[in-house]
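Going line by line, the protein sequences match chains A and B. My numbering numbers the first residue of the first sequence as 1 and each following residue consecutively. My numbering numbers the first residue of the second sequence as 1 and each following residue consecutively.
Be aware that a few hints might be false.
Claimed, not checked - Which residues of chain B face chain A? A partial, calculated answer using Cβ under 7 Å: (1) 11; (2) 40; (3) 48; (4) 51; (5) 54; (6) 55; (7) 124; (8) 132.
As the list claims (entries may be wrong) - No farther apart than 30 Å at their CA atoms in a straight line, the calculated lysine-lysine pairs in the DSBU-like style are these: (9) 131(B) to 161(B); (10) 45(A) to 161(B); (11) 115(A) to 131(B); (12) 169(B) to 131(B).
Everything labelled a hint here was simulated from the structure, so no lab data went into it. Glycine residues also receive a C-beta, built at the ideal position from the N, C-alpha and C atoms.
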Amino acid sequence: MKPDELDRVLSRESEIIPSSGFVRSVMAAVRSEAAAPPPIPFPWKRAMPGLLACLVAIAWSVVDAFRSPAPASASVIPQTATHWIDGVAPLLEKAQIFGAEWVLLGLLLTYAGLKLTWHLAGRRM
Amino acid sequence: MDAREDEEDVDTVLAGDISAFERIVQRWQRPLVNLAYRFCRDRSRAEDMAQEAFLRAFRGLKSWRRDAAFSTWLFAIATNVYRSELRRLSECTLPLDSVECLAALNANLIDSTDEDRDRAVRRLVSALPGKYKEVLVLFYFHEMDISATSRSLGLPEGTVKARLSRGRKILRSRLPQFLGELHLKEAQ
């Protein structure tokens, strides 16, 4: 088939006429879209104090870690960090008693299952 | 079509009168439905796809920058919607070399009138990989205007030309076996 013949075949296409209810159907969808309430925006104003507090806390702990004098021992872990580890260690021990690792594994598997379902459902829709 | 009418209707819609959008739909329903039909070859699906394109246009009306014609913007939105739909549909379409696809084309060509042959060529276009199919569909829809095709697809003209050339090459490489049979039959 010559190029111009291909052009002729592909250019010559009969037009279809939209059904009589098409405009009505589009306008119904447009009106329902316009009538729907706008999406609720994230409440930045309310969240701002909490976010600022988090930032200040993080900045403070970083500054504090650098300001603390280095321990005489050869330990490379900053004092603040060792305090933090000392505080968290009992919590971790208790979590181990209650089988927290299994709970965590269960949550992760549930999350992965949900993500997979959404992904597959999204592809089929 | 009058670009001023589109602009006035868009202004009216943005001012809060949604009914003005109906005039936009009336003006553009035919090209949008026809373009969708060329992508999917299914009349009912074509109307659904065109409706989705109009809805997206309505949602994004504020984002239309007046430096481009309204039609260019609308076709770019529609093309995006149709390409996404095409990607979803591609799982269901027959691969180009599948036995069923070739057999269907052969069946169309053996008894062929011009109309049958044209239909077979279009089926072959439908079976092309998406990136060639969309370029071919838009190129012929826009009456072989490369720049309109590239604007609709949001691709550089060079890319459009390259894909067009490759798509035609694939088509031509697959057509002779069918057309050969057709010409043999005509000669007998």
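Here is what the structure says about each hint:
A least Cβ separation of about 16 Å between residue 11(B) and chain A goes past the 7 Å threshold, and the interface hint is therefore violated. The interface hint given for residue 40(B) is violated, since its Cβ lies 12 Å from the closest Cβ of chain A, which is over the 7 Å cut-off. Evaluation of the residue 48(B) hint against chain A yields a violated restraint, the C-beta minimum of about 9 Å exceeding 7 Å. Taken as an interface hint, residue 51(B) checks out: its beta carbon lies about 5 Å from the nearest beta carbon of chain A, inside 7 Å.
Of the supplied interface hints, the one on residue 54(B) holds, with its beta-carbon coming within about 5 Å of a beta-carbon of chain A, less than 7 Å. This hint holds: residue 55(B) has a C-beta 6 Å from the nearest C-beta of chain A, less than the 7 Å allowed. Annotation: interface hint on residue 124(B) violated; nearest CB of chain A at approximately 10 Å, more than 7 Å. The closest approach between the C-beta of residue 132(B) and any C-beta of chain A is roughly 13 Å, which is over the 7 Å cut-off, so the hint fails.
Proposed proximity of residue 131(B) and residue 161(B) is supported: the alpha carbons are some 12 Å apart, at most 30 Å. A threshold of 30 Å between alpha carbons decides the hint, and for residue 45(A) with residue 161(B) the separation of about 51 Å lies outside it, so the pair is violated. At most 30 Å may separate the alpha-carbon atoms for a hinted pair to count; residue 115(A) and residue 131(B) meet this at roughly 29 Å. With a C-alpha separation of about 14 Å, the suggested pairing of residue 169(B) with residue 131(B) holds against the 30 Å cut-off.
Hint compliance for this structure: hints 1, 2, 3, 7, 8 and 10 are not met, and every other hint is.
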